[in-house]
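Q: Chain by chain, the residues:
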Amino acid sequence: MNGTQFTLVAYAIGLGMLLAYGLRLWVQFRLTARDARRAAVRVSTHTGNGRRL
Amino acid sequence: MSAAARPRPNTLAAAYWAITLLTLAGAAAVLLAYTPTEATMGPIQKIFYLHLPLAINTFLAAAVVFAASVGYLVQRRAAWDDLAAAAAGVAVLLCSGVLLTGMVWGRGAWGQWWTWSPRLTFSLILWLLYAVYLVLRGSIESPQCRAVACAVYGVTAFLDVPLVWLSARLMPDIHPASVQLIGPMKLTLAAWFVPVTLAAAGFVYSRYQLNPARRERDVANRRPSSSASPTRPVDTGRLGLSGGVL
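For the record, the sequence lines run as chains E and S. Residue 38 in the working numbering sits at position 38 of the first sequence, with consecutive numbering throughout. Residue 1118 in the working numbering sits at position 118 of the second sequence, with consecutive numbering throughout.
Everything labelled a hint here was simulated from the structure, so no lab data went into it. Remember, predicted model here, so these are calculated numbers, not experimental data. Misleading hints may appear alongside valid ones.
To be verified - Coverage of chain E stretches by chain S, computed from C-beta distances (three or more under 8 Å per stretch; other residues unrestricted):
#, segment
1, 11-17
2, 28-38
What the hints assert, rightly or not - Label-pair ranges, simulated between beta-carbon atoms:
#, chain 1, residue 1, chain 2, residue 2, range
3, S, I1125, E, L23, 14 to 20 Å
4, E, R24, S, R1169, 33 to 39 Å
5, S, S1139, E, R24, 20 to 26 Å
6, E, R38, S, L1022, 15 to 21 Å
Here a beta-carbon is modelled for each residue, glycine too, at the ideal position from N, C-alpha and C.
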């Protein structure tokens, strides 16, 4: 490999890691928000309201 | 400002990440179109503009772990523990980037992926220290014990940061202790510091929001048993959780 190819590989690794971590956080946010919504529905049902939040 | 006109947390988060991506695109454009090729090493020297911001932000994340750990030991507030955990995860991420980009650079410039020079060795130790921090968090079940143990460990682990910084200056090392940059190179370096620092800060903040202990505490605080409004819903928007924006 020449210098330009090494440079491209390094940037692909570095930026790819940042992007992958960001995507992982985004997925975690989506899942957490879903869990929180479901928990809110359970709390509401338990207290007799039953209203979907 | 009225509640309706106030920007929602997710809107602010989306704007923050849009700005981060824009600055990243700008830095890439500067690197491709403006930055001169270094005379001795050639184009491989351009790895430096990503390598150094990752390294400096690793140190900053480690400093946040240190400060938050001290904060927890002094105040015993769970928020400090949450912040230290968030910053430690980001420190491992950034340090991984430093090591990997450095290895690629070393292969191209020195002809070898790795050498046990002082700075490289202390950098690997830094990565191991914060990786072990994350393992430690996962291995202690009691939240109080985990927080105290991790805080003590977080303070201790920070001792490696000055060693990484000083190693190439105080000991013979193949890794350069400092570099001389001309004007356009300094501008490129500054341009790359912005998106990397924004991304690192955003990751720490997002991870801090996601911390399970914080989430459980906030949800518990909104439970109807301790609230005047028995059917008040959990406000996931205020936690920054709804809408799926980092």
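Q: None of the hints should be skipped; say for each whether it holds.
A: Quick rundown of the hints versus the structure:
no. : hint                         : result
1   : 11-17                        : holds (count 5)
2   : 28-38                        : holds (count 7)
3   : S:I1125 to E:L23: 14 to 20 Å : violated (29 Å)
4   : E:R24 to S:R1169: 33 to 39 Å : holds (36 Å)
5   : S:S1139 to E:R24: 20 to 26 Å : holds (21 Å)
6   : E:R38 to S:L1022: 15 to 21 Å : violated (35 Å)
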